[in-house]
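Student: Construct all of the structure, not just a fragment, from the sequences and the given hints.
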Amino acid sequence: MKAILILENGQTFMGESIGSPRDTIFEMVFNTSMVGYQEILTDPSYAGQGVVMTYPLIGNYGVNEEDDESRQPWAEALIVRHLADRGSNFRCQETLDHYMKRHDIVGIQSVDTRAITRILRKQGVMNAMITCAESFNIQECMDMLRAYRVSNTVERVTIAQPEHYPGSGYRVAMLDFGQKWNMIHCLNHRGCDITLFPAHTPAEEILNGGFDGVMLSNGPGDPADCADIIREVKKLYDSDLPIFAICLGHQLMACATGAKTRKMRFGHRGANHPVKDLKRNRCFITSQNHGYVVMAQSIDPAIHEISHINVNDGSIEGLRYKNKNIFTVQFHPEASPGPVDTDYLFDEFLDMIRRHKEGEC
Amino acid sequence: MPKDTSIKKVLVIGSGPIIIGQAAEFDYAGTQACRSLKEEGVEVILVNSNPATIMTDKDIADHVYIEPLNVFTLREVIEKERPDAVLPTLGGQVGLNLAMNLWEDGTLEQYGVRLLGTSAESIHRAEDRQGFKDTMESIHQPCVTSLVVHAVEDAVDFAQKIGYPVIVRPAYTLGGTGGGIADNEDMLREICDRGLALSRVHECLIERCISGWKEIEFEVMRDSAGNVITICGMENLDPVGVHTGDSIVIAPTQTLANKEYQMLRTAALDIISALEIEGGCNCQFALNPDSFEYAVIEVNPRVSRSSALASKATGYPIAKVAAKIALGYTLDEIPNAVTGKTTACFEPTLDYCVLKIPRLPFDKFTAASRQLGTQMKATGEVMAIGNSFASALMKAVRSLEQHIDSLQLPKLKALSTEEIHKKLSVVDDERIYVCTEALRRGISAEEIHAITKIDIWFLDELQIIVDLEKELKEKGVPNRIRLRYAKELGFSDALIAQLAGSTREEIRDLRKRYGIYPTYKMVDTCAAEFDAATPYYYSTYDVENEAQIVFDGRKKVLVLGSGPIRIGQGIEFDYCSVHSVWALKRLGFETIIINNNPETVSTDFDIADRLYFEPLTAEDVEHIVELEHPWGAVVQFGGQTAIKLTKALSDMGVPILGTSADGVDAAEDRERFDEILRLCEIPRAEGRTVYTTEEALEAANTVGYPVLVRPSYVLGGQGMEIAYKDQDIVEYMKIINQTVQEHPILVDQYLMGREVEVDGVYDGEEILIPGVMEHVERAGVHSGDSIAVYPPLHIEEKHKQTILRHTRNLAKHLGVIGLINVQFIIYNDTVYIIEANPRSSRTIPYISKVTNVPIIDLATKVMLGEKLKDLGYGTGIYPEADYYAVKMPVFSFEKLTDVDINLGPEMKSTGECLGIAETFPQALMKAFKGANMKVPKRGNRVILTVKDEDKGEIIGVARTLEELGMELYATKGTCACLEKVGISVKMVNKMEQESPNMADMIQSGTVDLIVNTPARSKQQDGDGVKIRRMAVEHSVLCLTSIDTAHAILTARQQGHSERLRPIDITEI
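Those protein sequences? They're chains C and F, same order as listed. In terms of the working numbering, the first sequence is residues 1 to 361. In terms of the working numbering, the second sequence is residues 1 to 1068.
A couple of the hints might just be wrong.
[Stated by the list, open to error] Listed next, the stretches of chain C that the computed footprint assigns to chain F, with coverage defined by at least 3 CB atoms under 8 Å from CB atoms of chain F:
#1 30-37
#2 49-59
#3 73-84
#4 89-102
#5 114-125
#6 267-280
#7 336-350
[As the list claims (entries may be wrong)] If you want a taste of the chain C side facing chain F, the calculated C-beta under 10 Å gives, among others:
#8 Gly62
#9 Asn64
#10 Asp67
#11 Cys283
#12 Ile285
#13 Ile303
#14 Asn312
Please keep in mind that the hints were generated in silico from the structure rather than gathered at the bench. Ideal Cβ placement from N, Cα and C applies to all residues, glycine included.
Tutor: Take a look at the structure:
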């Protein structure tokens, strides 16, 4: 079936429908990872967004249950150059197309994904829609596209009730702003006993829960939309609990402590972003997925210390909080997809908890 | 960490002559490294025996030694130049081994020379089998179960324990030379015996055979601060079992999910970290397709063929960055030349699919076994970039220039489905064609996968191609949508026409009417995430064309490259193309290059102003012409590949700079050429142009045997042979007619005289001949396989003047503007012409270097209308140099089983080296050493076995051998003839005779040199081929020409009287 991709700037791309044939509007972003489409689709941070895969051959190894990063795919749409008819991999359980249909995810293939990426790079992230309609009113579409805004996404993706992932080690509370399962796995593998809380859980519940540490997860959307959550995060900051935060969690902690975030032109989404750990004086290749960033000029030297920077554009990739057991990163040490080179941060978190418990800090 | 400023002078070791397993990629890497070092103000000393390289140019390094690559030479160079450091990891295995030898024997310490980049300990740990295994174990990286052995018995014991099949990998050999898979004890004994003989340290690794697993490679980099990145992950279409150099390789990996990909990526980074490599490194893995189980196959602690491929596939200049790392920079301090904004510390991401296909030499070596295994056999490779697997594959197949532009191999059509089915289990260079044919016959992808273990994904992609073929065949000329689809899949207009029953022209016109034109995308390392400035493009049939034409006032010149390296068309043409680009740039032109060889300098993104990585076919070139509208095109420098496109370019309306299409045709067209020869009064061997066997027989009998038979439009003597009788002609015609012949076949009288070769630059009025070269072997041996001497030894002045006159006249009448290469024979005091090529030749680089005449620069200027008299190098024959330069052919016979090493009119060498010295014998000695040929010495044993015609001449050779104190053996006939003249010689039985015979001597290692001139007929030659093969496989020097034997003895007698001083050619 024919499908058409309509961009907010009025450009259109003719292609073929894949996945669900319904019409949908989304914020269009591009991801430069060459592998990991399934992890990307199921990353809650993509809620409300349509993802252009810059790598042209997608679906080659199919889809399997194990590689889901959350309970369902969250991306609104998938835009690819070429979708494989079947998956070839020992773990493959179904084709990507079948999976998308099953989960009602819209997609389009046979479009010039590089041209689309170049538009996004030059003009910034914009809204777009995919429709299979034979005819449509372009003006109506434009109006709809201009009106669309990704909002309330944290509410959509977070869990309704706390969940428990047992372990025999430290007790960690994780606030689910749209966490990826691999974050839980990374801590679980290290023995942690994890309680996953809905995003809007009052801080007191965590502070009184007898936890050894807190983890603030990644998640979708604009951190500035999360005023209520930021208030609770501030309370966590004021406590002496060791805290590790990733992506949206990192931005929320920054906002809670007076820093500001801004929307980036086209964000960082991919598996090849170099980040320098200033303490170790080492560069690491990281997995990234963010459209907002903490503004360097908004940080308070009395509170924040920049721990990581992006080697490409110098933007803030990590903060350490002075006189606190808190460190946060913009990138994704849990990877999945992407390089696991910064996996050591989970060890640092555990080490921080240990030292805190032993009264060292 | 900033640059280490104590490093002011660096020695770079090249990789020597082109052989199978070590080709142009090291010229690319070395050239990039030298430029990178010079950029930092470092003085560069270069040693490489290969004169056809760009790295041995005076403007690439400050001091250039074209000398044999051995410890002796390097010690001399170090003593003279006193470098601060040596860069060991850019000259392939040869460079690395030498650096290690110099470290081991204390030379480096003695002269205070540091090893740059990776430490000797690290190199040793990576290269030494046991050291490597131990290191891998310590970081929990699984290796294939294996054992290092030094004796065949140990190998047999071990194999019994782990079970057959097992793989034998000799230590420290190139491209796995001498290795193989053994299915049983007999095979193991044979392979292991050979492997031990070839290994520098007499060591082999015997390992569990994991054939059929996926083969995955990662190119990784590390700096002194410990930063690690992967440049590129690559997947071999051919599962484990085929050497990666002979495999079809795809970048990035296609069938790995994130988990497997990250598992192997992390393993590669852990390995490079544990080995503490500073620079580039290649890690090869085998991955069980049914689990997460994997094993480390091999690690190369240096830049390699794969890193050249990874550089071209991603745009990331690995060698350049490795050189900077060696100087102390960290990755985040090195700018990314592609984006200009970011740094070298990132991982390239691809938004296209890259495919590499090896170029195998079986079109030349028809007798060779086509089977592929752990021993690399490819001479070169092509790369293609597309936005789908199909388009990349179709482009790559076209780039191979193997007479087919699709996956339809004509000879498979005649086979039954059952035969195709059977053929699927044969692992050879045609397997991809067999797989597609199988799909065409309805054999399922699953079934093909079960036999070949090729991943289903690749087979599904082939199915897409097969489906379209079928559709075009059934439905005929496609409509607009389907035509666009066919173009998207990489089908050429000609292929669509062939399938749809139309003509190329009709499809082309239809395509244009539909407005279907390719669009070009940029290779930018970052999938368009950053704005990039690299003018490096590939074609797609997508929406946006990024190759925007900005006219800056400069005239545009298109330079055609020479495609894959193959026998007869090697690295020298890349040298010429690159120099032409540089000359054009200096003259203020905008340059555009089209080429498809990832190993070369010409496909580096900063050589030409714009690089199109595309097949060199008329259609693919036309697309670029239609986009760029070049002011002119240069075809003289890209070998036969470029010359073949002259007419097509002319037809497109592109002015050919220099010699016109008509001039090219006049040189190739027998009748027109004969007419010109008559006009110029240049004698040639009598000959005829024929098409059929009958005509050939008639021609041969008219001019008289022996005759030379060959196709016109020759490439390295393709299909050329000397026929002595009717039967030879019949056999020859049978072989030649297997490939479609558009052009006639030439039958010439064969003159056995002294061969002379010249390159000339002609400006329309005057000619400049930089040097006259004389061949050591008399006519009959292909010029590419002959030892050539400059300045000539035996050419009388009157003949030189005749040669000059003939060359000038010929150039004039052919309408040459630019280069001409002419070969002559001096026979009975007469100068006969053999052939003339109005293009660059393989001798240009070396003659440029030893005469100091910048031939390509002059030719380029002349093509643009300048006159020789204004260019400062005069006209006529350029004054001879004070040095002798001997060009020595180098062969790769040990890698190609079943190929007869006998030299003849068919070119067999893969590369060359040069010896430069004050005297001819010394230059000869250096050349033999450079070619790694052991010059026999006192006490050596020599076997002489020559055909009847040579029995007279062998006496001279035998006398010299005797004088030199060598022990002589000869087979019956030769022995009798030597005894008759009083030479003391022992008789040895021929191989087909009873033991002890020649074979026993070779196998037991008790013979050092064999001189064997094969009898003309295969019957009389007996087991000659077997003996010669056995000699090659046991590393015993075997000479098949009396002239070569004389030369090697001259070198021994007079070449070693004084020390062989290395000569810096920048001081000549």
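Student: Each of the hints needs a verdict: does it hold here or not?
Tutor: Tested hints:
Chain F is given as covering the segment 30-37 of chain C, and this holds because 6 residues of the stretch bring a CB closer than 8 Å to a CB of that chain, at least three being needed. Only when three residues or more bring their CB closer than 8 Å to a CB of chain F does the claim for the segment 49-59 of chain C stand; here the count is 4, and the claim holds. Only when three residues or more bring their CB closer than 8 Å to a CB of chain F does the claim for the segment 73-84 of chain C stand; here the count is 3, and the claim holds. Counting residues of the segment 89-102 of chain C whose C-beta lies closer than 8 Å to any C-beta of chain F gives 3; at least three are required, and the coverage claim holds.
Only residues whose C-beta sits within less than 8 Å of a C-beta in chain F count toward coverage, and the segment 114-125 of chain C has 5 of them, enough to reach three; the restraint holds. Coverage of the segment 267-280 of chain C by chain F holds [criterion: at least 3 residues with CB-CB distance below 8 Å; count 6]. Residues of the segment 336-350 of chain C lying with their CB closer than 8 Å to a CB of chain F number 6, which satisfies the three-residue condition for coverage. The interface hint given for Gly62 of chain C holds, since its Cβ lies 8 Å from the closest Cβ of chain F, which is under the 10 Å cut-off.
Checking Asn64 of chain C against chain F by beta carbon gives a least distance of about 8 Å; that is within 10 Å, so the hint holds. Contact between Asp67 of chain C and chain F, as hinted, is supported at the beta carbon level, the nearest pair being about 6 Å apart and thus within 10 Å. Given the 10 Å rule on beta carbons, the hint for Cys283 of chain C holds: about 5 Å separates it from the nearest Cβ of chain F. Against a cut-off of 10 Å between C-beta atoms, the interface hint on Ile285 of chain C holds, since the closest Cβ of chain F lies about 5 Å away.
Below 10 Å, beta-carbon pairs count as interface contacts, and Ile303 of chain C has none with chain F, the closest being about 27 Å; its hint is therefore violated. With its C-beta approaching chain F no nearer than about 5 Å, Asn312 of chain C sits inside the 10 Å limit, and its interface hint holds.
Taken one by one, the earlier hints fail for this structure only at number 13.
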